[in-house]
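Engineer: Single-letter residue listing:
Number of protein chains: 2
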Amino acid sequence: MTTPWNLRYAQRMRGIGSSIIRELLKLTEKPGLISFAGGLPAPDVFPIKQFEEAAARILKDNGPQALQYSATEGYLPLRTLIAEKMNRYGIHATPNNILITTGAQQALDIIGKVMIDPGDKILTESPTYLGALQAWRTYQAEFVTVPVDADGICVDKRLEEALRAGPKFMYILPNFQNPAGVTLSMERRQKLVQIADHYGIPIVEDDPYGDLRFEGEHLPPLLVLDAQLQANRRGNVNGNNFTLGDVMYLGTFSKTLAPGLRLGWIAAPEDVLKRCVMAKQGADLHTSTFNQMLAYEVAKDGFIDEHKQVIRRVYKERRDVMLTAMEEYFPANTHWTHPQGGLFLWVTFPEEVDTAVLLKKAIDNDVAFVPGFAFFPEGNVGHNTGRFNFSNATPEQIELGIQRLGKVLHEELAHLEPEVEYA
Amino acid sequence: MTTPWNLRYAQRMRGIGSSIIRELLKLTEKPGLISFAGGLPAPDVFPIKQFEEAAARILKDNGPQALQYSATEGYLPLRTLIAEKMNRYGIHATPNNILITTGAQQALDIIGKVMIDPGDKILTESPTYLGALQAWRTYQAEFVTVPVDADGICVDKRLEEALRAGPKFMYILPNFQNPAGVTLSMERRQKLVQIADHYGIPIVEDDPYGDLRFEGEHLPPLLVLDAQLQANRRGNVNGNNFTLGDVMYLGTFSKTLAPGLRLGWIAAPEDVLKRCVMAKQGADLHTSTFNQMLAYEVAKDGFIDEHKQVIRRVYKERRDVMLTAMEEYFPANTHWTHPQGGLFLWVTFPEEVDTAVLLKKAIDNDVAFVPGFAFFPEGNVGHNTGRFNFSNATPEQIELGIQRLGKVLHEELAHLEPEVEYA
Numbered sequence: 218m219t220t221p222w223n224l225r226y227a228q229r230m231r232g233i234g235s236s237i238i239r240e241l242l243k244l245t246e247k248p249g250l251i252s253f254a255g256g257l258p259a260p261d262v263f264p265i266k267q268f269e270e271a272a273a274r275i276l277k278d279n280g281p282q283a284l285q286y287s288a289t290e291g292y293l294p295l296r297t298l299i300a301e302k303m304n305r306y307g308i309h310a311t312p313n314n315i316l317i318t319t320g321a322q323q324a325l326d327i328i329g330k331v332m333i334d335p336g337d338k339i340l341t342e343s344p345t346y347l348g349a350l351q352a353w354r355t356y357q358a359e360f361v362t363v364p365v366d367a368d369g370i371c372v373d374k375r376l377e378e379a380l381r382a383g384p385k386f387m388y389i390l391p392n393f394q395n396p397a398g399v400t401l402s403m404e405r406r407q408k409l410v411q412i413a414d415h416y417g418i419p420i421v422e423d424d425p426y427g428d429l430r431f432e433g434e435h436l437p438p439l440l441v442l443d444a445q446l447q448a449n450r451r452g453n454v455n456g457n458n459f460t461l462g463d464v465m466y467l468g469t470f471s472k473t474l475a476p477g478l479r480l481g482w483i484a485a486p487e488d489v490l491k492r493c494v495m496a497k498q499g500a501d502l503h504t505s506t507f508n509q510m511l512a513y514e515v516a517k518d519g520f521i522d523e524h525k526q527v528i529r530r531v532y533k534e535r536r537d538v539m540l541t542a543m544e545e546y547f548p549a550n551t552h553w554t555h556p557q558g559g560l561f562l563w564v565t566f567p568e569e570v571d572t573a574v575l576l577k578k579a580i581d582n583d584v585a586f587v588p589g590f591a592f593f594p595e596g597n598v599g600h601n602t603g604r605f606n607f608s609n610a611t612p613e614q615i616e617l618g619i620q621r622l623g624k625v626l627h628e629e630l631a632h633l634e635p636e637v638e639y640a
Numbered sequence: 218m219t220t221p222w223n224l225r226y227a228q229r230m231r232g233i234g235s236s237i238i239r240e241l242l243k244l245t246e247k248p249g250l251i252s253f254a255g256g257l258p259a260p261d262v263f264p265i266k267q268f269e270e271a272a273a274r275i276l277k278d279n280g281p282q283a284l285q286y287s288a289t290e291g292y293l294p295l296r297t298l299i300a301e302k303m304n305r306y307g308i309h310a311t312p313n314n315i316l317i318t319t320g321a322q323q324a325l326d327i328i329g330k331v332m333i334d335p336g337d338k339i340l341t342e343s344p345t346y347l348g349a350l351q352a353w354r355t356y357q358a359e360f361v362t363v364p365v366d367a368d369g370i371c372v373d374k375r376l377e378e379a380l381r382a383g384p385k386f387m388y389i390l391p392n393f394q395n396p397a398g399v400t401l402s403m404e405r406r407q408k409l410v411q412i413a414d415h416y417g418i419p420i421v422e423d424d425p426y427g428d429l430r431f432e433g434e435h436l437p438p439l440l441v442l443d444a445q446l447q448a449n450r451r452g453n454v455n456g457n458n459f460t461l462g463d464v465m466y467l468g469t470f471s472k473t474l475a476p477g478l479r480l481g482w483i484a485a486p487e488d489v490l491k492r493c494v495m496a497k498q499g500a501d502l503h504t505s506t507f508n509q510m511l512a513y514e515v516a517k518d519g520f521i522d523e524h525k526q527v528i529r530r531v532y533k534e535r536r537d538v539m540l541t542a543m544e545e546y547f548p549a550n551t552h553w554t555h556p557q558g559g560l561f562l563w564v565t566f567p568e569e570v571d572t573a574v575l576l577k578k579a580i581d582n583d584v585a586f587v588p589g590f591a592f593f594p595e596g597n598v599g600h601n602t603g604r605f606n607f608s609n610a611t612p613e614q615i616e617l618g619i620q621r622l623g624k625v626l627h628e629e630l631a632h633l634e635p636e637v638e639y640a
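Those protein sequences? They're chains G and B, same order as listed.
So the number in my numbering is just where the residue sits in the first sequence, counting from 1, plus 217.
So the number in my numbering is just where the residue sits in the second sequence, counting from 1, plus 217.
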């Protein structure tokens with residue numbers, strides 16, 4: 218049907234088709250299908266009882282406040298809690314450095330609105346989080362990319378070359394990156410903030426999974442390393458009063474509490490945070506008052522520190538089951554990353570596999586994953602890669618799903634080989 | 218503090234200062250101050266008990282679903298409920314015509330993103346809702362305006378002249394308009410959809426208060442009148458299968474249930490709705506699953522139809538108290554609108570009063586309202602006008618607050634008069 222709307226879309230929407238991923242994922246809604254395609258946390262670990270108690274208490278004691286409009290910046294006790302958590306690292310953050318957002322996805326949208334002019338280049342990892350590309354494409358961003366390997370983004374000549382293209386900022390997921398599951402090494406973190414400082418290019422650090430490390434040692438956020446760098450330069454080598462500078466840090470309660478509440482945050486210097494507040498005011502006035510109070514009530518007495526132990530245990534088990542099953546069922550010349558935390562791992566299949574084609578056959582066999590090509594901003598690469606989520610399915614489903622996919626893969630490769638013979 | 222961010226803001230943020238209103242409203246946080254400045258519903262009528270029961274039931278029966286990620290389009294039972302409500306008017310809407318948004322403010326932001334190119338003209342009422350201006354200024358919209366009088370936007374030569382400026386769409390609040398409190402008459406509604414159709418300019422109909430009519434008869438939304446017009450043209454004169462066409466309709470649960478949940482919706486033809494879904498996906502993935510389920514649980518058995526009777530009774534009483542108090546305490550040559558519903562009325566003070574100056578004195582005397590100038594997109598008008606909210610304060614506070622302001626006004630006018638004598 219033609220309506221006056223169809224003829225009037227803004228130019229920025231031209232590049233925004235219905236994503237292929239989105240269309241593919243619709244096919245995964247088939248009953249009995251085991252999906253590694255989504256990015257869903259394990260619902261088994263949601264702290265439902267804590268939310269039940271908190272909801273009852275809030276509505277009983279502070280119902281009118283919880284259901285009323287509230288400040289764009291967010292619920293002050295929650296902002297204070299977040300600032301205090303950052304202060305554990307020695308960062309000098311106050312609630313004035315924290316804006317509560319409707320999920321970290323909104324943080325990406327707000328940053329796009331505040332920072333990106335049409336045609337601006339954004340430096341991203343390759344592959345990178347699809348939601349950031351989607352948010353920033355509507356602001357007509359272009360992307361310059363630097364590959365990731367097992368130690369995260371390659372902090373070498375390729376990074377410097379990309380920086381000389383003059384990006385507005387860098388977008389980095391340092392921990393258990395979505396989609397590749399890799400973690401930026403300590404050495405590269407140090408080097409990255411030095412190079413960023415040298416070129417004067419700020420960093421958006423997106424850290425949804427940082428708390429979900431189940432192997433290896435916690436590494437400091439880029440935010441902290443940058444603050445140390447700035448403090449050292451000013452001669453404040455003791456460094457217990459770092460201020461926020463070149464790094465905006467994005468956090469979320471989606472992975473430590475529950476994504477259905479849509480609660481994330483931006484930590485940033487006050488000046489840029491004020492701009493973000495203005496942009497958010499026009500975007501949705503404020504994030505749900507009730508949900509902010511819920512998260513605060515559940516989190517306030519250190520619950521997340523306890524609860525993340527449970528999540529880590531569950532996710533580690535599932536990752537291990539997936540790694541073992543891949544070892545057993547996947548054909549030779551298939552490689553995958555070994556995530557130390559988070560929700561995803563990344564598979565590179567033999568060169569002759571096209572994962573978009575593979576996915577269709579996989580769905581016919583009741584298993585699904587996400588083809589990797591969509592995560593590369595530059596396009597036309599990664600045809601033989603795929604992202605696998607290990608947090609949402611049970612260990613039994615993971616074993617069975619990887620077995621199913623292994624069978625499809627072996628058939629696919631057997632089918633491909635004769636063609637080579639006849640050639 | 219200078220950071221690399223300050224030097225890098227997008228051009229679209231240049232026009233976006235911290236709003237004067239926002240700065241003024243900070244002053245109203247003084248204890249003991251009676252504020253008519255905000256746009257807050259009466260917290261006394263929030264259905265807290267219903268939310269308590271619904272929250273407990275949802276978390277007990279469907280906790281994992283309520284706390285998990287969900288579809289960008291929104292919770293299907295809630296979208297179905299909204300579509301069914303529209304179908305009562307004979308509109309042929311399905312859940313595919315409904316997108317749940319994070320408050321109706323997000324609907325405005327999404328429409329801006331999908332429709333507005335930099336420099337596009339948007340036709341608005343004058344005065345109009347500040348949040349729409351704020352949302353659309355970040356998309357670098359310009360505004361062409363048509364005045365409102367007691368019967369809503371003036372559907373006459375001035376409208377046609379503004380339409381010939383080629384606006385992308387018209388933005389109309391037909392019921393108890395924010396800020397003026399006026400309602401578009403039936404005759405003008407008919408004429409408006411005809412003229413819109415004639416010029417081919419679509420309408421964004423924002424109807425947050427439509428359910429809160431406490432006087433006079435319900436008038437059909439522009440959406441319905443437009444659908445009738447389209448159906449008549451196609452010869453479907455019985456009109457019980459209207460489709461959506463030239464009007465996007467925005468609704469909200471903020472005024473009928475609670476604003477703290479941030480739940481609104483867009484009703485639109487499928488094609489444009491799909492674009493809105495894509496824009497929303499980048500903006501916040503989806504609206505809080507838990508809150509959508511809460512609203513559905515509370516609303517599903519016709520609760521809103523009951524509950525709005527309570528709200529209407531409370532708001533009517535408060536409006537009446539405000540009208541009576543203004544009659545008693547305000548000086549001669551002060552005029553105000555007589556809203557038949559909603560939350561606001563609009564005051565025009567004598568020409569020599571500057572409400573920005575008046576507000577400062579009012580705050581010193583523990584009463585506040587919003588100066589009207591900010592609601593005029595064209596600027597430099599309305600210096601002697603103001604918006605008064607009557608839903609949030611109790612009847613006793615309203616009486617006392619208007620009395621306080623009356624005293625300030627009389628003093629102000631007495632102070633202004635001698636200057637004229639000495640001139």
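Hints were generated in silico from the structure; no laboratory data involved.
Here the structure is a predicted model, which is why all the values come from computation and not from measurement.
Note that the Cβ used here is the ideal one computed from N, Cα and C, for glycine as well.
Any given hint could turn out to be false.
To be verified - Covered by chain B, per the in silico footprint, the following chain G stretches (three or more residues, Cβ under 8 angstroms):
id	segment
1	406-420
2	490-497
To be verified - Restricting the straight-line Cα-Cα distance to at most 30 angstroms, the calculated cross-link-like pairs of lysine-lysine (DSSO-like) are:
id	chain 1	residue 1	chain 2	residue 2
3	G	491	B	338
4	B	266	B	277
5	B	277	G	517
6	B	277	G	277
7	G	517	G	243
Engineer: Evaluate each hint against the coordinates.
Structural biologist: Going through the hints against the structure:
With a cut-off of 8 angstroms between beta carbons, the segment 406-420 of chain G has 3 residues touching chain B; three or more are needed, and the interface restraint holds. Using a Cβ-Cβ cut-off of 8 angstroms, 4 residues of the segment 490-497 of chain G lie near chain B, which meets the minimum of three, so the contact claim holds. Taking the CA atoms of residue 491 of chain G and residue 338 of chain B, the gap is near 28 angstroms; set against the 30 angstroms cutoff, the hint holds. For the hint linking residue 266 of chain B to residue 277 of chain B, the alpha-carbon distance of about 17 angstroms falls within 30 angstroms, and the restraint holds.
Taking the CA atoms of residue 277 of chain B and residue 517 of chain G, the gap is about 23 angstroms. The hint holds against a cut of 30 angstroms. Using a Cα cut-off of 30 angstroms, the hinted pair residue 277 of chain B and residue 277 of chain G holds, with the two alpha carbons roughly 18 angstroms apart. About 38 angstroms separates the Cα atoms of residue 517 of chain G and residue 243 of chain G, which puts this hinted pair outside 30 angstroms; it is violated.
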